[in-house]
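Chain by chain, the residues:
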Amino acid sequence: MTKLFDFKQVFTNIPELMEYLPITLELALLAMLIGLVLGLLLAIIKIKEIPVLKQLAAFFVSIIRGTPVLVQLYIVYFGVPMFCKYLNQRFGTSLAVASIPGFAYAVLALGLNSSAFSAEMIRSALMSVGKGQLEAANALGMTYGQALRRIIIPEAMTVALPTIGNSLISSIKGTSLAFTCAVVELTAQGKIIGGRNYRYFEVYCSLAIIYWLVTIVIEQILKIVERKLAIPEQVENFAEQQDEAQMGDGI
Amino acid sequence: MSLIEIRDLHKQFKGNVVLDGIDLAIEQGNVIGIIGPSGTGKSTLLRCLNQLEIPEKGFLKLQDKEIDLSSRKNKKEILELRQNTGMVFQQFNLFERKTALENVEEGLLVVQKKSKEEAREIALEELRRVGMTAWANHYPRHLSGGQQQRVAIARALAMRPKLLLFDEPTSALDPEMVGEVLDVIRQIAAEGYTMLLVSHEMAFVRNVSNRVIFIDKGVIVEDGTPGQVFHYPQNDRTKEFLAKMHMLEMEPEYSI
Ligand SMILES: Nc1ncnc2c1ncn2[C@@H]1O[C@H](COP(=O)(O)OP(=O)(O)OP(=O)(O)O)[C@@H](O)[C@H]1O
Ligand SMILES: [Mg+2]
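If you're matching them up, the sequences are chains Z and U in order. Numbering of the first sequence is given in this note's numbering, commencing with residue 1 and proceeding in unit increments. Numbering of the second sequence is given in this note's numbering, commencing with residue 1001 and proceeding in unit increments.
Take the hints with a grain of salt, since some may be wrong.
[Unchecked claim] Result set (SDA-like, lysine to any residue): computed pairs, CA atoms no more than 25 Å apart in a straight line:
(1) U:Lys1075 with Z:Phe103
(2) Z:Lys48 with U:Gly1192
(3) U:Lys1075 with U:Gln1012
(4) U:Lys1057 with U:Glu1096
(5) U:Lys1061 with U:Gln1091
(6) U:Lys1217 with U:His1246
(7) Z:Lys48 with U:His1246
(8) U:Lys1075 with Z:Ile64
(9) U:Lys1057 with Z:Thr143
If you are wondering where the hints come from, they were derived from the structure by calculation, not from laboratory data.
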């Protein structure tokens, strides 16, 4: 009789699975990147109250939040090719639908999903930067874009960092659904192994361990970044090389 | 010819009329103290001048160039106007994630596109002027209110504006820090900068300005030398205000 639970198998699976970790990470990072950029755009639209775009953005966010990721992945996977074919028929373009890899669909769908969820946190992070700093930047003659890039986003970043970390973690978990777009990543490979040796339980245990470890590593990296970004508690007085006499010479 | 001419400035907030036709010619070297009761539009006037608020109507003439302050469209003119004016805020508004030095360099680098070395040189020079050289590497959170305001003044000065706008620069400070900031303002006034200074520090306004205007209900009702306005106000509202501020009985001070 075979063993009920093959403990060793849990660990022997890991090296083979690890080969697919890069795909999972790539998916997650790209999706998060799209999510942050698009989320920033949505946040700015909402903050600046740009008419029409504001309603469109709210509509988009509402749809994404109101539907499961799995459904969104299927809709993108089937919808984008249909849309391309429609364009081809209608306008005689020759978009090569078949050559788009499943990976691209998965990144797109996961990125759109993450943007809707990060938009609100990006907005509140941007809003958390005092209005005074924006006014000071404007008063110096900086454009909104310059103020955003130089003053507001760097400070908002530190506020949003924990949330950005969470969105990366949930993005990684989201990639486990990428098989819907025919992408073989960690989980998909796990299923393949399971199908080969019928040790599904063991392989899912291996997957759980890997995802969990990855999450722990990300959390640690985040802590380091947070420490790097923090304003130092104390700094030394500035000493001018040339004329020490002038130093600290008040009025 | 005046350095800057403001003409027919009107601003309301949702039907609440705040500026009701301001005309003001600012001469080179004018240090204009702006006084008046709370809520009469002193801050709004300054904020309209550098377009932090957009008035419904109003024109500003700077170097033979007339700018329509009410126009939202001309981004380039707005930026140009802002580069000609320096603003010092009540709440300092330093950039939290930048050191004192970086705060002063920021506009030089980003707006005036100066080289890193040049920006640093100018920034250090301005920090020295306000006595903050030793604190160049400190972040705003390390600095007292008075020190932050001095850095904010250096930041405005570094841009070499034609007109400096001070909006109650000492109102947010603890009493023991007011003096150091007023000293800096007094010093740059003496250097010949043209400035508008909104302040509730009546004695200081009288002492540092060479011209005082009194604004009430969105219009300038009194405009003259500190001596004229503080000792021989023509308008009843000015008299009433000064009496409330206990300024009428005070002996003039000759300690510039
Ligand atoms: N953004 C705004 N929205 C609506 N009302 C405003 C706004 N800013 C200012 N006001 C109103 O405009 C009026 C003038 O305000 P302002 O700040 O210019 O007065 P002030 O003379 O500077 O007063 P204080 O001496 O108290 O600073 C006030 O009644 C104020 O409530
Ligand atoms: Mg005010």
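(request) Could you check the structure against the hints above and give me the numbers of any it violates, in ascending order? (result) Hint check: 1, 2, 4, 5, 7, 8 fail, others pass.
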